[in-house]
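Visitor: Residues per chain, in single letters:
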Amino acid sequence: MNQTIQVNDMEQTKSNLLSAPDRVMACILDIGEVLLKGGAEIMRVEDTLGRLCRAYGFASSDVFTVTSCIILTARLPAGDVMTQTRRVPARGTDLDSVARANALSRRLCARPVPLEEMQAEIAALRQGRSYPTWLQLLTWGVVSAAFSLFFGGTAMDACAAFCSGLVLFCAMTLGSRLRINSILLSCLCSGLTALTVALLCAVGLGQHHDKIIIGNIMLLIPGMALTTSLRDVINGDTLSGMMGFFESIVKAMAVAIGPAVVLKLLGGF
Amino acid sequence: MIQTITSFIGAAGFALVFNVRGKKLIWIGLGGALSWIVYKLGLELSGSPFAGLLVATIAVVAAGEILARRIRVPVIMLMVPMLIPLVPGGDLYYTMRYLIGDDNELFLESLRSLLMQAGAIAVGVIVATSVMTNFFAFYYERKRKLEQLHVHITMDT
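So the sequence lines, in the order shown, correspond to chains G and Y. If you read the first sequence in the numbering used here, its first letter stands for residue 3, the second for the next number, and so on. If you read the second sequence in the numbering used here, its first letter stands for residue 49, the second for the next number, and so on.
Keep in mind that the hints were calculated from the coordinates and are not lab data. Fair warning: this is a prediction, and the values are worked out from it, not measured in the lab. Backbone N, C-alpha and C fix where the C-beta goes; we use that ideal spot for every residue, glycine too. Hints may contain errors.
Straight-line alpha carbon distances no greater than 20 Å define the calculated SDA-like cross-link-like pairs of lysine to any residue that follow [what the hints assert, rightly or not]:
| hint | chain 1 | residue 1 | chain 2 | residue 2 |
| --- | --- | --- | --- | --- |
| 1 | G | Lys253 | G | Ile185 |
| 2 | G | Lys266 | Y | Asp151 |
| 3 | Y | Lys71 | G | Lys266 |
| 4 | G | Lys266 | Y | Asp150 |
| 5 | G | Lys39 | G | Leu140 |
| 6 | G | Lys253 | Y | Arg192 |
| 7 | Y | Lys71 | G | Asp96 |
A partial selection of chain G residues facing chain Y, derived with a Cβ cut-off under 7 Å [stated by the list, open to error]:
| hint | residue |
| --- | --- |
| 8 | Asp96 |
| 9 | Asp98 |
| 10 | Ala101 |
| 11 | Val145 |
| 12 | Phe152 |
| 13 | Phe153 |
| 14 | Thr156 |
| 15 | Ser184 |
| 16 | Leu187 |
| 17 | Leu232 |
| 18 | Ile236 |
| 19 | Ala258 |
Footprint (simulated), chain Y over chain G, 3 or more residues, beta carbon under 8 Å [what the hints assert, rightly or not]:
| hint | stretch |
| --- | --- |
| 20 | 40 to 50 |
| 21 | 86 to 95 |
| 22 | 208 to 219 |
With the hints as constraints, model all of the structure from the sequences given.
Guide: Here it is, written out as C-alpha cells:
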C-alpha cells in the first residue's frame, strides 16, 4: 500500500516537472550553452542534454550540436513534439564552469528539482567565478617566464618574459573588451609582445629574444581548442572537430606570424 | 631538471588561466611534469622525438582519464593543461621566422619537425583516448555484472 502511494507520488512529481515543458527545455538548453561556451566536447554536451531530458520526463530526445549551435527536439509523454534551438556565438575556455555544469547535471539527473529551483541553480551557474585580475596577470607573467626557461632561456630572459607576459595580458584583456576578432587579436598581441621584447633586449634585460618570445606565445597557442577538436573527431563529431581544428591552425599561424613580421620590420635579429 | 620544474609551473599556470580551481592545479602540475619526464625518457631510449612525444602523450592522456574518473571532473579539464609542455611552441616560432626571413632550407626543416611533433601529439591523443574509452566501458560493464552477480548470491543465501 505504502509503496503504491510512493509510486503515485513519483508520478505526480514527474508530471509536475513537465508542467511547462518549453521552460524546462529552455533550462536544459541553458546548461548545454554553459558547457559549450566553456569549451566542452560536443559529445559531452549532447550526452548531458539527452540525460537531462530523460530525467525530466521527456519520452525521447534528439540533440544535435555543432561548434556554435545546439538543436534539441524532444517528445512529450503525451506525444507532442517540440524543438528549440540555441545559438552559441563564441566558444571560450572556462573549465571551471564546465565542471560545475557537469556536476549540476549529475545532481539534476539523480534528483530532478522543480523548475523554479532549476532556474535559480542555472542563474548561479551563469554567474561564473573567476580568479581576481591581479592573480591572472601574475600567472601570465609566471607562465611566460617558466616557458622561456623551459625552452632554454637564462634567468635574465625569464625576467624579461615575465614583464612582456604582463604586457601581453593587458593587451589581450583590452583587446577582448574592444571586441576585436580573436584571430586578429592574437596576431596583434603577439606582435606587440615581440615589440616589447625587442625594447627590453635593447635596454639590456634579457639576451635571447627568441626564447623570451616563445615563452610568451605559448600562452596564445590554442592548445585547448586543438585537443578538444581532436577529441570531437574521435567521438564521431567530425564536423565540429574539423571546424575547431582549422580554426586552431589558423590561430597558431597568426600567433607565430605576428612576432616574425615585427622582428623583420625592426630589421635583422 | 629545470625543465621538469618549469613544466610543472607551466601546466599549473595554464590550468589557472583556464579557470581551474583548487587542488586540481597541483594534480595538473604533476601531470605536466610527468609528460616532460616521459618524453625525455622516450627520447633517450628511442632517439626519435616522434616516439618520445607519442609515448608522453599516451601516458598523459591515460593519467588524465584515470584521474578524471577518480576525482569526478571532465577529462579535458585535466588533459589539456597537462599536455601543454609538449606543445611545440619553439618550432612554431622558428618556422614562421624562417618563412619571413626567406631562409628556405631552415624553414622546411623546422616545418617538417613542427608537423612531425604536432602529428605525434595528435596520434597519441587519438590512440590513447579511444583505448581508454573502450577500456573504461569494458571495466564498468564488468563491474556492473559482478555486482549483479553479488546481489544474486546474497539474495540466494
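Visitor: Next, verify each hint and record whether it holds.
Guide: Hint-by-hint comparison with the structure:
no., hint, in the structure
1, G:Lys253 x G:Ile185, "holds (6 Å)"
2, G:Lys266 x Y:Asp151, "holds (13 Å)"
3, Y:Lys71 x G:Lys266, "violated (44 Å)"
4, G:Lys266 x Y:Asp150, "holds (11 Å)"
5, G:Lys39 x G:Leu140, "violated (25 Å)"
6, G:Lys253 x Y:Arg192, "violated (44 Å)"
7, Y:Lys71 x G:Asp96, "holds (17 Å)"
8, Asp96, "holds (5 Å)"
9, Asp98, "holds (4 Å)"
10, Ala101, "holds (5 Å)"
11, Val145, "holds (4 Å)"
12, Phe152, "holds (4 Å)"
13, Phe153, "holds (5 Å)"
14, Thr156, "violated (11 Å)"
15, Ser184, "violated (15 Å)"
16, Leu187, "violated (16 Å)"
17, Leu232, "holds (5 Å)"
18, Ile236, "holds (5 Å)"
19, Ala258, "holds (4 Å)"
20, 40 to 50, "holds (count 4)"
21, 86 to 95, "violated (count 1)"
22, 208 to 219, "holds (count 4)"
Hint check: violations occur at hints 3, 5, 6, 14, 15, 16, 21; the rest are consistent with the structure.
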